[in-house]
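Colleague: Those protein sequences? They're chains S and X, same order as listed. The first sequence begins at 8 in my numbering and counts up by one. The second sequence begins at 1023 in my numbering and counts up by one.
For the record, the hints were derived by calculation from the structure and aren't laboratory data. Quick caveat, the model's predicted, so the values are computed rather than measured. A couple of the hints might just be wrong.
[Said to hold, decoys possible] List of simulated lysine-lysine pairs, DSS-like, C-alpha gap at most 27 Å:
#, chain 1, residue 1, chain 2, residue 2
1, S, Lys71, X, Lys1090
2, X, Lys1135, S, Lys73
3, S, Lys71, X, Lys1123
4, S, Lys27, X, Lys1135
5, X, Lys1135, S, Lys71
6, X, Lys1135, S, Lys62
[To be verified] Examples of chain X residues toward chain S, derived with CB under 8 Å:
#, residue
7, Leu1033
8, Val1035
9, Gln1056
10, Arg1059
11, Ala1108
12, Leu1111
13, Gly1122
14, Phe1126
15, Gly1129
16, Gln1133
17, Val1134
18, Lys1135
Glycine is no exception: its CB is placed at the ideal position from the N, C-alpha and C atoms.
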Amino acid sequence: GAVVSQHPSWVICKSGTSVKIECRSLDFQATTMFWYRQFPKQSLMLMATSNEGSKATYEQGVEKDKFLINHASLTLSTLTVTSAHPEDSSFYICSPEGLAGIEQFFGPGTRLTVL
Amino acid sequence: KQEVTQIPAALSVPEGENLVLNCSFTDSAIYNLQWFRQDPGKGLTSLLLIQSSQREQTSGRLNASLDKSSGRSTLYIAASQPGDSATYLCAVREGSGNTGKLIFGQGTTLQVKP
């Protein structure tokens, strides 16, 4: 299956700071990357879809100016949480778009805790 | 709007039991359905993928079925082991191609007791 890495695996930051999360597709080129968020004891919710070389598409209710997504290459997409607040504390997971008929794979996730 | 529901929310069984996890979805117009496993604090591991034209898929002790017309899927785990303890998520892919969104259920947290 596809190998996807995320960095960092966990981060603790102060309220008001910005945090960048990297997602790398290690063994294939991902033109599209999905970013999900998972709150404790809840399921995954799609936040945005990033496309290599173009602007990301955000789901309803997700602030695009707060969650900056950059997909500059076929193997790297980044999510920056700007001016983080405690309510942004969550588990962020990326997933590259799979090939047709192939299962979707996910990164190991990044646990963000905002104090 | 597609909604995915998983029942039960939590399940505790003794080792060796066979068990069934249920997943239902409201819109039958799906491209495929995928079952995942998530260990605490970890990402998702894909278990089985069922295309909309398929009825079931098997991998080892796992068997997943799909009844698209009734909006249901089941994940059958045979001879459960303590290592099977995890949260199991089902997700349906909307639309007619691989670019559709994955909509997740809330998950079933399974505990298998030695």
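Colleague: Hints first: check each against the structure and report whether it holds.
Modeller: Evaluated hints:
1. Lys71/S to Lys1090/X: 35 Å, violated
2. Lys1135/X to Lys73/S: 43 Å, violated
3. Lys71/S to Lys1123/X: 18 Å, holds
4. Lys27/S to Lys1135/X: Not OK: Lys27/S and Lys1135/X at ~40 Å, beyond 27 Å, violated.
5. Lys1135/X to Lys71/S: Measuring from Cα to Cα gives roughly 44 Å; hence the hint is violated.
6. Lys1135/X to Lys62/S: This hinted pair is violated, its Cα atoms lying about 48 Å apart.
7. Leu1033: 15 Å, violated
8. Val1035: 20 Å, violated
9. Gln1056: Because about 6 Å separates Gln1056/X from the closest Cβ in chain S, which is inside the 8 Å limit, the hint holds.
10. Arg1059: Arg1059/X check fails; min Cβ-Cβ to chain S is 11 Å, beyond 8 Å.
11. Ala1108: 14 Å, violated
12. Leu1111: For Leu1111/X, the interface hint holds, since the closest Cβ of chain S sits about 6 Å away, which is under 8 Å.
13. Gly1122: Violated: closest Cβ of chain S sits about 10 Å from Gly1122/X, beyond 8 Å.
14. Phe1126: Holds: closest Cβ of chain S sits about 4 Å from Phe1126/X, inside 8 Å.
15. Gly1129: 6 Å, holds
16. Gln1133: 15 Å, violated
17. Val1134: Check failed: Cβ of Val1134/X comes no nearer than 20 Å to chain S, outside 8 Å.
18. Lys1135: With a closest approach of 21 Å, the Lys1135/X hint is violated.
In this structure, the hints that do not hold are numbers 1, 2, 4, 5, 6, 7, 8, 10, 11, 13, 16, 17 and 18, in rising order.
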